[in-house]
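Enquirer: Take a look at the letters that make up each chain.
2 protein chains.
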Amino acid sequence: MELEEVKKQSLELIETSKAAYLTTIDPDGFPITRAMFNLRNKEQFPEFFEFFQKQENKFAIYIGTNTSSSKVAHIKNNPKISVYYCDPDDFKGVMFGGSVEIVEDQDFKNIIWLDWWTRYYVKGPKDPDYTLLVLNPKYARFYFKLNLVNFEL
Amino acid sequence: MELEEVKKQSLELIETSKAAYLTTIDPDGFPITRAMFNLRNKEQFPEFFEFFQKQENKFAIYIGTNTSSSKVAHIKNNPKISVYYCDPDDFKGVMFGGSVEIVEDQDFKNIIWLDWWTRYYVKGPKDPDYTLLVLNPKYARFYFKLNLVNFEL
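Sequence lines, in order, name chains A and B.
Numbering of the first sequence is given in my numbering, commencing with residue 6 and proceeding in unit increments.
Numbering of the second sequence is given in my numbering, commencing with residue 6 and proceeding in unit increments.
The shape of chain A in the complex, shown without the other chains (with noise of 0.2 Å):
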């Protein structure tokens, strides 16, 4: 599979996937994976489709969580992350790793942002509670069955 093709499933499978696997690392070196919102999910939040596609980085991933979860404690002290998409269903499935950022610009946070989540951050966008993570991965690992492409970002 030619690598622009590789990089085009892999935009499909960021845009279909049901979750985003995010993985972090613990104070004592274990990898701790959990399910998040795919916020880059064209059917379950629309909203966010158009701003995506204007980012400059079409591999950018943004992941919002409580700033007092485990994760949050977990990526101050270790910010190596992995983010992984994929379809269970035809065994295709795609990782991006790198060290993620904590977003502070508070305008991008009010765009990422939807009335009904004051159900995990009360005050809305402004709430203290709300981190809004981003990944610019350094690196790619697209799965296909049998197949395994890395590739560089």
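Hints should not be assumed to be uniformly reliable.
The list makes no distinction among identical chains, and a pair is therefore deemed to hold if it is satisfied within one copy or across any two copies.
To be verified - Below, in silico cross-link-like pairs of lysine-lysine (DSS-like), each with a Cα-Cα straight-line distance of 25 Å or less: (1) 23 <-> 47; (2) 128 <-> 150; (3) 131 <-> 81; (4) 150 <-> 131; (5) 23 <-> 150; (6) 97 <-> 47.
If you're looking for bench data, these hints aren't it; they were derived computationally from the structure.
Put chain B on the given structure of chain A with help from the hints.
Expert: Coordinates of chain B only, in the frame set by chain A:
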């Protein structure tokens, strides 16, 4: 939710999740995640169901892979892994963590074997490229909607 109910639902996830999401840690300390066959899935691998039911540790996780794969190199360097199972439609997931081991018992490898796996390991269950991993997890994290329950094993 009572702990017994959490454990029951965790076992149900192990037996129904479409894949087992395995995370290893690479030599640079980055987590690497990929979907693996979920050998505990009752529908996908009915041949193994009775065998697993008889195991003393109901939460023991077995994963077959190529000895030559990067994940085997990772775990020889660092055995800390996580394995995640989920039902993304129901926002339910369970993660198991601990240090993985390589199964050396050939009788055991002969049991955890299916003839069509020769497409991965041409020489059969004794193929030196067939590695069977086992995780006897130390702890688990059960996620259901907004709830998280940690438990030890």
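Enquirer: Indicate, hint by hint, whether the structure satisfies it.
Expert: Verification of the hints:
1. 23 <-> 47: For residue 23 and residue 47, the Cα distance is within 25 Å both inside one copy (10 Å) and across copies (22 Å).
2. 128 <-> 150: between (45 Å within a copy, 20 Å between copies)
3. 131 <-> 81: within (20 Å within a copy, 45 Å between copies)
4. 150 <-> 131: Between copies, since 23 Å is at most 25 Å while 43 Å is not.
5. 23 <-> 150: both (19 Å within a copy, 14 Å between copies)
6. 97 <-> 47: both (18 Å within a copy, 21 Å between copies)
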